[in-house]
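J.: In case it helps, my numbering puts the sequence shown at residues 1 to 236.
Certain hints may be false.
Stated by the list, open to error - Below, a list of computed lysine to aspartate or glutamate pairs in the EDC-like style, where the Cα atoms sit at most 20 angstroms apart:
no., residue 1, residue 2
1, Lys-77, Glu-109
2, Lys-216, Asp-205
3, Lys-216, Glu-179
4, Lys-77, Glu-117
5, Lys-216, Glu-173
6, Lys-216, Asp-201
7, Lys-77, Glu-105
Derived by calculation from the structure, the hints in this document are not laboratory data.
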Amino acid sequence: MRSSSSARTIIKDFRRSHVGKCQPRRVAISSLYALRRQWLSITTSSSRRGRLTQMAHASIGAVLGPGDFAVDATAGKGYDTVFLANQVGFTGQVLALDVQLGALEATRERLRAFDCETQVRLIHGCHSLLHDYLPTNVPLQAAMFNLGFLPGSNKEVVTRPQTTIAALATCLESLRISESTGGMVSVMAYRGHPGGQDEADSIADFLGGLLPHRYKVQQHEAPGSGPHLWLVQRIR
1 MRSSSSARTI
11 IKDFRRSHVG
21 KCQPRRVAIS
31 SLYALRRQWL
41 SITTSSSRRG
51 RLTQMAHASI
61 GAVLGPGDFA
71 VDATAGKGYD
81 TVFLANQVGF
91 TGQVLALDVQ
101 LGALEATRER
111 LRAFDCETQV
121 RLIHGCHSLL
131 HDYLPTNVPL
141 QAAMFNLGFL
151 PGSNKEVVTR
161 PQTTIAALAT
171 CLESLRISES
181 TGGMVSVMAY
191 RGHPGGQDEA
201 DSIADFLGGL
211 LPHRYKVQQH
221 EAPGSGPHLW
231 LVQRIR
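Please take these sequences and the hints and turn them into a complete structure.
T.: In structure tokens form, the structure reads like this:
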């Protein structure tokens, strides 16, 4: 597993090129009012988590298509992996990582059930190792992060700010560049478990420093200790 010092190096190198020098001023964040109204009118009885997941899938689905390359940085039980695999089709590729073998097995079973296993490569390891597995000749069109712990498993095994931001920096650096169809990363952070709020705060600080002429950042925050969704698109 990549050491914490290596994770710090990834973050430092990324900030040197993509993060503004004038801090703590945060980049202006585009609103999600239109998307929010659309989904809230349809799913008023569903959970906040379900609504945000639908927002993430709708936004990623708008830029990801057949033949593209995508990453599920937190495979979990495979829901996002299956979504990405269906979007890229048999001509595309998805890389899915998780630190827990049980999560990868659950993901593999779900992929088989939906007949989309062939276009997915499963990696047992921390997502801070992502840089070692990305192809050098294929741009990243989409990546999804669903943070926290695996439901029904050991709640002490959770994502951590430093490794999450290292993986996030790797994805942002690798995204396809386009003002209209640039690659996109979605990050869903849960704040109700120990360490969850700290991780969400660290992500907010990191994304708040991105250069606005290179990245378009959107966010939606549920009230209280509910989940927080970020959508980041590479435009230049």
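J.: Does Lys-77 pair with Glu-109 here, judged by a C-alpha cut-off of 20 angstroms?
T.: holds (9 angstroms)
J.: Keeping to a limit of 20 angstroms between CA atoms, is the pair of Lys-216 and Glu-173 held or broken?
T.: The given pair, whose Cα atoms are some 14 angstroms apart, holds under the 20 angstroms limit.
J.: Given the proposed pairing of Lys-216 with Asp-205, does the C-alpha separation stay at or below 20 angstroms?
T.: holds (15 angstroms)
J.: Taking 20 angstroms as the top limit, are the C-alpha atoms of Lys-77 and Glu-105 close enough?
T.: holds (8 angstroms)
J.: Sort out whether Glu-117 lies within 20 angstroms of Lys-77, counting only the CA atoms.
T.: Between Lys-77 and Glu-117 the Cα gap is close to 14 angstroms, so the pair holds against 20 angstroms.
J.: When you check the alpha-carbon spacing of Lys-216 and Glu-179, does it fall within 20 angstroms?
T.: holds (9 angstroms)
J.: Please work out if Lys-216 and Asp-201 have their alpha carbons no farther apart than 20 angstroms.
T.: Cα-Cα ~19 angstroms, so holds.
Consistency with the previously given hints is maintained throughout, with no hint failing.
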